[in-house]
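Protein chains in written order, with this note's numbering: chain A, 7 to 130; chain B, 4 to 251; chain C, 33 to 160.
Derived by calculation from the structure, the hints in this document are not laboratory data.
There could be a bad hint or two in this list.
To be verified - Covered stretches of chain B (chain A as the covering partner; in silico rule of three or more C-beta atoms under 8 Å from a C-beta of chain A):
| hint | region |
| --- | --- |
| 1 | 75 to 81 |
| 2 | 117 to 129 |
| 3 | 233 to 240 |
Yeah, the Cβ is synthetic: ideal placement off N, Cα and C, and Gly gets one too.
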Amino acid sequence: MYTSSKKPQEGTFLWLLKIIAGLLIIIILGIHFYVNHLVAPGGLLSYSNVLAYYQNPIIPIMEIIFLIFVVTHALLGLRSIVLDLNPSQAVLRWINIGFVLIGAIAVIYGTWLVFFVVAKGSGA
Amino acid sequence: MNETHWRVTFEIFRQKTGQPCHFDEYVMDVDPDEYVLDVVERIWAYNDRSLTFRHACHHSTCGACGMRVNSVEKLSCITPIREVARNGGKVRVEPLRNFPVLSDLVVDMGAFYLRLDDAKFSQVASLKDACLPFERKQQVREDGSYERLVDCLECGMCISACPVALTTPEYLGPGVLAAAQHAFHQSRDTSLLDLVDDQDGVWRCHSAYECTAVCPSNVDPGWRIMDLRKNILRHQISKIFSRRGQSR
Amino acid sequence: MKNEPNSTNFLRWFDPRNRKLGTLAFILNRITALGLTLYLFMHLIVLGTLARGPEAYDSFIKLAKTPAILVGETLVIAAGIIHGLNGIRIALNSFGIGTRHQRLIFIGLMVVAAGCIAIFVKSMFFSH
Ligand code: HEM
Ligand code: SF4
Ligand code: FES
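I would like the entire structure built from these sequences, with the hints used as guidance.
As structure tokens, then:
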């Protein structure tokens, strides 16, 4: 067998996750624009607008789901570009750790921000 | 050659092992309906005996004469000068990309051939299975008793054209994946799916379809890669359900 | 010339010369992907102004109404539409749908993309 042994890099699962996350992004992005223009006429151009907008519970839930999928898809996509540069296994291990950390921080930070805005709005 | 109509400058890639590469220019009198390989042979015969290149059949069967003509992969034995140059113009001839250069226009395709073996590439198939499944043009005996050579010439041009193969020698490449699809299509041997279900297999492809564009023999490697993806997904999903069925 | 596969060859990914439409699709997908990812993380950082109270956010919105930022935003929207629609082609092909017509599908999707981008540009620059 000439072909080198299996690498646990991007198999069916991660690839499918990337594609499904990508397709969900389109759907949610569509809803996002629809809601932005119909539910929030005039757009979210001031701080108080944003606070009011986030009082509808659908919005923060949608934003958080959207965030998770976008971050997942973007980091998996970025990783597949990095894989095309043929990194060594050692470098790849650090890249994996880095991407997981970046993803986790981005999602936690974004979720915190959403809750912060919701709390601010209901307090006001 | 009985009639000479055109004067064309051939810029030929030259490199001997371990040495830097350069281009040599040969001004040649050619018949526009000659093929690029004919002129390369004439350059070797009359201008420079140290020029090396590969060919055998001269009629698009052996797949040995794949080169980059003006940066596009061509079987040089069936590429007329008329198609790639004008009178007074230039033609640039280079070896295939993404393979190590051995000497001038000759590249080392050893890894490609070994991988074809891994993909259980079979040079012969029944008439029914030799062509693309969506192409049923031939008269076929139902019993499959007639066989023919399969379409792939093992020319390696698809690998030269592939933008993904540019950066990594690990990628199996379109020709090998196409061979695996072909073998899977005939045998339903799922070990072939395992072979290509890998970062260096079908998931590496980024859908540029350059392989299909340059393939001289209607193998359509791009279609075959996507067909493998579909079959892997189907296989994985059915595995999940059959495992559940067993545990009950 | 580097003939062998080499990770330093990556700039040649972005060279469409002598290649077909599929390479252009690949290049567009990759460039828009990189642009969108950069935007995503910038966007998350910038939205941090929401946590710093109304003044910070409202002054950021004022900044966002300057022409340079509006043009940048239009590019992001265009990139998102192109990348998303091309993504549909890749997904469908990989599930074995329309692979033989990938070229036509790409052209069709890019026509749709051009239409969507035109609508956005109109509503962004000409409707207020
Ligand atoms: C609008 C919906 C989107 C869809 C349907 C989508 C779809 C896809 C698909 C199918 C790929 C795989 C490309 C390939 O294998 O060559 C991909 C790659 C990628 N996407 Fe998306 N995407 C979307 C949005 C986004 C967004 C918003 C970002 C950034 C925040 C992003 C970042 C990336 C990156 C970095 C890649 C890797 C590019 C590559 O492999 O060349 N995508 N996308
Ligand atoms: S699939 Fe086509 S281009 Fe690739 S090696 Fe076979 S004949 Fe040549
Ligand atoms: S010499 Fe045999 S295919 Fe060209």
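How the hints compare with the structure:
1. 75 to 81: violated (count 0)
2. 117 to 129: Satisfied; 4 residues make the cut.
3. 233 to 240: holds (count 3)
In the structure shown, a violation is registered for the earlier hint numbered 1 alone.
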